[in-house]
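As a plain string of letters, each chain reads:
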Amino acid sequence: MERFVVIGLGRFGQSVAINLAKLNKNVIAIDKDPQKVEEIADFVFQAAACDATDEKNLRDLGLKNADVGVVSVGEDISSSILITLTLKEMGVKKIISKALSQVQGKVLIKVGADRVIYPERDMGERLAKRLSSPQLFDLIELTESHGILELLAPESFVGKRLDQLELRKKYDVTVIAVKRNVPKLKDDGSTSFKESMILSPGPDFEILLGDIMIILGKSKGLDKIKKVK
Amino acid sequence: MMDDIKELIEEGKFYFLNQKYNEALQYLNKALEKDPANIEVLYTIGIIYESINNPDKALEYFKKVIKIDPQHEDAIIHIHSISENQ
Numbered sequence: 001m002e003r004f005v006v007i008g009l010g011r012f013g014q015s016v017a018i019n020l021a022k023l024n025k026n027v028i029a030i031d032k033d034p035q036k037v038e039e040i041a042d043f044v045f046q047a048a049a050c051d052a053t054d055e056k057n058l059r060d061l062g063l064k065n066a067d068v069g070v071v072s073v074g075e076d077i078s079s080s081i082l083i084t085l086t087l088k089e090m091g092v093k094k095i096i097s098k099a100l101s102q103v104q105g106k107v108l109i110k111v112g113a114d115r116v117i118y119p120e121r122d123m124g125e126r127l128a129k130r131l132s133s134p135q136l137f138d139l140i141e142l143t144e145s146h147g148i149l150e151l152l153a154p155e156s157f158v159g160k161r162l163d164q165l166e167l168r169k170k171y172d173v174t175v176i177a178v179k180r181n182v183p184k185l186k187d188d189g190s191t192s193f194k195e196s197m198i199l200s201p202g203p204d205f206e207i208l209l210g211d212i213m214i215i216l217g218k219s220k221g222l223d224k225i226k227k228v229k
Numbered sequence: 001m002m003d004d005i006k007e008l009i010e011e012g013k014f015y016f017l018n019q020k021y022n023e024a025l026q027y028l029n030k031a032l033e034k035d036p037a038n039i040e041v042l043y044t045i046g047i048i049y050e051s052i053n054n055p056d057k058a059l060e061y062f063k064k065v066i067k068i069d070p071q072h073e074d075a076i077i078h079i080h081s082i083s084e085n086q
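Residue numbers (the working numbering), protein chains in the order written: chain A, 1 to 229; chain B, 1 to 86.
There could be a bad hint or two in this list.
Said to hold, decoys possible - For the chain A half of the interface with chain B, some residues (derived, Cβ under 7 Å), not all of them:
(1) ASN181
(2) THR191
(3) LEU209
Just so you know, these hints were derived from the structure itself, not from any lab.
Backbone N, C-alpha and C fix where the C-beta goes; we use that ideal spot for every residue, glycine too.
Build out the structure end to end from the sequences listed, making use of the hints.
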């Protein structure tokens with residue numbers, strides 16, 4: 001079983017540790033703040049309060065054979081560098097370190113990080129994309145010329161069947177799935193809904209208000225379809 | 001008047017359940033004209049907007065609900081989940 005060690009249990013580190021544990025991974029979570037360790041203790045395989053910049057502490061925890069180390073000690077870059085370096089020397093197979101700037105990222109790569117992540121920057125990018133194009137949910141580039149687009153169904157599509165929309169003919173794209181919230185009534189009479197996914201919808205499938213269309217096709221076609229109102 | 005509102009809410013819910021969202025909103029907005037502080041109406045409109053992926057409008061109505069009833073747990077849950085996804 002793969003062993004993960006997460007050092008630094010701020011919001012980011014805590015979320016990584018808990019989500020790995022939810023995926024049934026063996027996680028050791030470390031922070032110097034005993035309260036943070038206590039908060040996470042019930043979720044992970046092992047939680048320890050100690051100073052991770054001290055190599056002895058890490059060795060005592062048996063981290064030598066860890067497969068993946070996540071270093072997320074926040075704004076304290078000197079600790080982050082020291083811990084990354086120590087994990088590397090101890091032979092941790094893959095080290096992922098959090099950085100706040102590219103300069104920090106470069107230093108972390110130099111001392112042994114296999115991958116550097118920039119949560120704040122990535123979140124900022126994601127938010128900017130969302131704000132600039134609220135209809136666009138996500139775009140995955142498969143190759144330089146092809147991608148998958150998640151798009152809130154444009155108003156002009158609503159109430160029409162897929163064969164009427166002629167998306168392949170007009171844009172050279174295919175709808176591979178539709179995400180739809182299906183309304184329901186709860187036992188107490190209040191309204192609610194349940195997300196459902198309709199895979200490879202047929203030609204007679206009708207698009208409803210609020211449907212999220214997942215569309216596969218050439219980037220050119222996807223760009224065009226993004227602009228449809 | 002209460003009967004009127006009740007009927008309008010029922011109609012609104014009926015259309016929502018049949019995925020006729022615009023019609024549902026029409027009935028619920030009529031109910032809201034008669035009773036602007038009706039929590040059930042405000043909450044249902046929030047749910048409709050959330051289900052048709054209009055999170056901004058959904059938030060607007062869920063916030064109106066908790067302004068009237070700060071303990072409305074369902075509205076709080078929806079505000080939280082929308083904010084997390086935005």
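Now for the hints, and whether the structure bears them out:
This hint holds: ASN181/A has a C-beta 4 Å from the nearest C-beta of chain B, less than the 7 Å allowed. Because the beta carbon of THR191/A sits about 5 Å from the nearest beta carbon in chain B, less than 7 Å, this interface hint is met. A hinted interface residue such as LEU209/A counts as satisfied when its beta carbon comes closer than 7 Å to some beta carbon of chain B; here the least separation is about 5 Å, so the hint holds.
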